[in-house]
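Peer 1: The primary structure of each chain is shown beneath.
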Amino acid sequence: MRPEQIVEAVLFSSDAPLRAEEIARADESLDEDVVERAIQRLQGEYQEDERAFEVAEVAEGFQLLTRPEFASYLERFDTVPRPSRLSGPALETLAIIAYRQPIGRMEVEYIRGVSSSGVIRTLQDRGLVEVVGRAEGLGRPLLYGTTPRFLEHFGFQSLADLPRTEELSVVLRDRAPLTADQEAPVDPDQEELNLEGSEESDPQ
Amino acid sequence: MRAPPGRSGALLPSAVAGPGRFVVDLDRFQGPMDLLLHLIREQDIDIFDIPIARITDQFLAAIQEIHPEELDSAGEFLEMAATLVRIKAQMLLPRPPDEEEEDPRAELVRRLLEYEQIREISQRLEAAESQRARRFPKGYVPPRPKPPLEESPLETTWEEVYEAALGVEVPDPKAREHQVTRRGVAMEEKVELILKMLPERGRVEFSELLRPWKEKLHGVMTFLAGLELARRRTLRLRQVQPFSELWLYWRGEGGAGSTGDEAQDRAAMPEEEGDR
Numbered sequence: 001m002r003p004e005q006i007v008e009a010v011l012f013s014s015d016a017p018l019r020a021e022e023i024a025r026a027d028e029s030l031d032e033d034v035v036e037r038a039i040q041r042l043q044g045e046y047q048e049d050e051r052a053f054e055v056a057e058v059a060e061g062f063q064l065l066t067r068p069e070f071a072s073y074l075e076r077f078d079t080v081p082r083p084s085r086l087s088g089p090a091l092e093t094l095a096i097i098a099y100r101q102p103i104g105r106m107e108v109e110y111i112r113g114v115s116s117s118g119v120i121r122t123l124q125d126r127g128l129v130e131v132v133g134r135a136e137g138l139g140r141p142l143l144y145g146t147t148p149r150f151l152e153h154f155g156f157q158s159l160a161d162l163p164r165t166e167e168l169s170v171v172l173r174d175r176a177p178l179t180a181d182q183e184a185p186v187d188p189d190q191e192e193l194n195l196e197g198s199e200e201s202d203p204q
Numbered sequence: 001m002r003a004p005p006g007r008s009g010a011l012l013p014s015a016v017a018g019p020g021r022f023v024v025d026l027d028r029f030q031g032p033m034d035l036l037l038h039l040i041r042e043q044d045i046d047i048f049d050i051p052i053a054r055i056t057d058q059f060l061a062a063i064q065e066i067h068p069e070e071l072d073s074a075g076e077f078l079e080m081a082a083t084l085v086r087i088k089a090q091m092l093l094p095r096p097p098d099e100e101e102e103d104p105r106a107e108l109v110r111r112l113l114e115y116e117q118i119r120e121i122s123q124r125l126e127a128a129e130s131q132r133a134r135r136f137p138k139g140y141v142p143p144r145p146k147p148p149l150e151e152s153p154l155e156t157t158w159e160e161v162y163e164a165a166l167g168v169e170v171p172d173p174k175a176r177e178h179q180v181t182r183r184g185v186a187m188e189e190k191v192e193l194i195l196k197m198l199p200e201r202g203r204v205e206f207s208e209l210l211r212p213w214k215e216k217l218h219g220v221m222t223f224l225a226g227l228e229l230a231r232r233r234t235l236r237l238r239q240v241q242p243f244s245e246l247w248l249y250w251r252g253e254g255g256a257g258s259t260g261d262e263a264q265d266r267a268a269m270p271e272e273e274g275d276r
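First to last, the sequence lines map onto chains B and R.
If you count the first sequence from 1, position 84 lands on 84 in the working numbering, and the numbers rise without skipping.
If you count the second sequence from 1, position 164 lands on 164 in the working numbering, and the numbers rise without skipping.
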């Protein structure tokens, strides 16, 4: 058996993304490099043959997915699993957690301005976020982070696939200093908005 | 520190909230940040120079529509209102130019920009989500065949409904009342029963003692009697393993020496209703 065939069989039989090292478990002749080269060859073959599916790189792994241009055909079937869409509040909360992880509920609520425990629980139930630790400090609040399932849901290969903050139209570094004595504007190279110290002036 | 003039009047949301009164549908907003950002962006206000008095009035006017039953979300809006009013008050206080103090609006601006950025990110996420939704993995899930309701004709006849209605037993409200009754079975009865059977048989199965009765209470009382007699060292309780048959062994009147059989009693506990 050629490595491509083994890899193809493994990918075909799986309904979730598999990492290269997981695929390599299929046979002694395989290792991560061999698997990745085999996947590249498969991708080439599928493209050449104009296959309706491709090896997608999702959630730090690989998965056979149909190409987007076939969606309209598949959507006519009830048997095709249709991923459910997230609500506005869920997306907002997920965005905060994805960019600020690890982050506690209080910080999420401070940014959103609304209570978020219900949304966070829903996201947890759906396996999109998980508790990744506890913060230091009073009560040692739980800290949340995203899961591989999150990457899968949005078709991201890794967290690096998230929209980069400098691509966004609203960027904090664009702001003019409010007053001369205000703290320095956020460093352009610093991707995250500066939330540190903001809690102290929180009126609550 | 004395409140500057005009402060108290500004606290109240004026019925006519100055120029450009805004009518907003609160349901559209996910929270106070969303509403505030909307007010600012809708009116093309420079976010770095928010006319705090005007925005505060508009914000207060908008949240007047919150119904009392939505108190949960109202709290969040009111908290923001309080923040706005506080900033407004701070703006009115004279600030010595040489003093190193941040613009009272600075923190709010940071929060607004941050929220706006998060909102843009969540729009991007939504786009990514719908892109991803156009690509399908293997893993067909065959749906459970469920005949549509409207396609299956209604075949129930009136007679059947009537019969079903007659069959319904109206629960007796008295039957649902909790009644405390006297113990109908005395433990002494059971002690006597055991003492009658055991000396001649040497050993007896617990379930055999219960055989003539159905009520759980007999099981309970027999078990208690067994424990009592074991305590008196009249018999020994044996059970090989939890939930297996419980045996009562005769030790004779007065009991010949302790062999630590009390431990057996504890093992016997789950047996109480085991065979019922």
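Derived by calculation from the structure, the hints in this document are not laboratory data.
Note that CB positions come from ideal geometry on N, CA and C, so glycine has one too.
There's no promise every hint is true.
[Said to hold, decoys possible] Pair by pair, the computed Cβ-Cβ distance ranges are:
| id | chain 1 | residue 1 | chain 2 | residue 2 | range |
| --- | --- | --- | --- | --- | --- |
| 1 | B | R126 | R | E163 | 25 to 31 Å |
| 2 | B | R19 | R | A82 | 46 to 52 Å |
| 3 | R | E79 | B | R51 | 53 to 59 Å |
| 4 | R | G75 | B | L168 | 50 to 56 Å |
| 5 | R | E42 | B | D49 | 51 to 57 Å |
| 6 | B | R51 | R | Q43 | 50 to 56 Å |
| 7 | R | S130 | B | D125 | 17 to 23 Å |
[Unchecked claim] Which stretches of chain B does chain R cover? Using the computed rule of at least three CB atoms under 8 Å from a CB of chain R, they are:
| id | segment |
| --- | --- |
| 8 | 65-75 |
| 9 | 152-166 |
Peer 1: So, for every hint listed, does it hold in this structure?
Peer 2: To see whether the hints hold, each was checked on the structure:
| no. | hint | in the structure |
| --- | --- | --- |
| 1 | R126(B) / E163(R): 25 to 31 Å | 47 Å, violated |
| 2 | R19(B) / A82(R): 46 to 52 Å | 50 Å, holds |
| 3 | E79(R) / R51(B): 53 to 59 Å | 55 Å, holds |
| 4 | G75(R) / L168(B): 50 to 56 Å | 31 Å, violated |
| 5 | E42(R) / D49(B): 51 to 57 Å | 52 Å, holds |
| 6 | R51(B) / Q43(R): 50 to 56 Å | 53 Å, holds |
| 7 | S130(R) / D125(B): 17 to 23 Å | 22 Å, holds |
| 8 | 65-75 | holds (count 7) |
| 9 | 152-166 | holds (count 7) |
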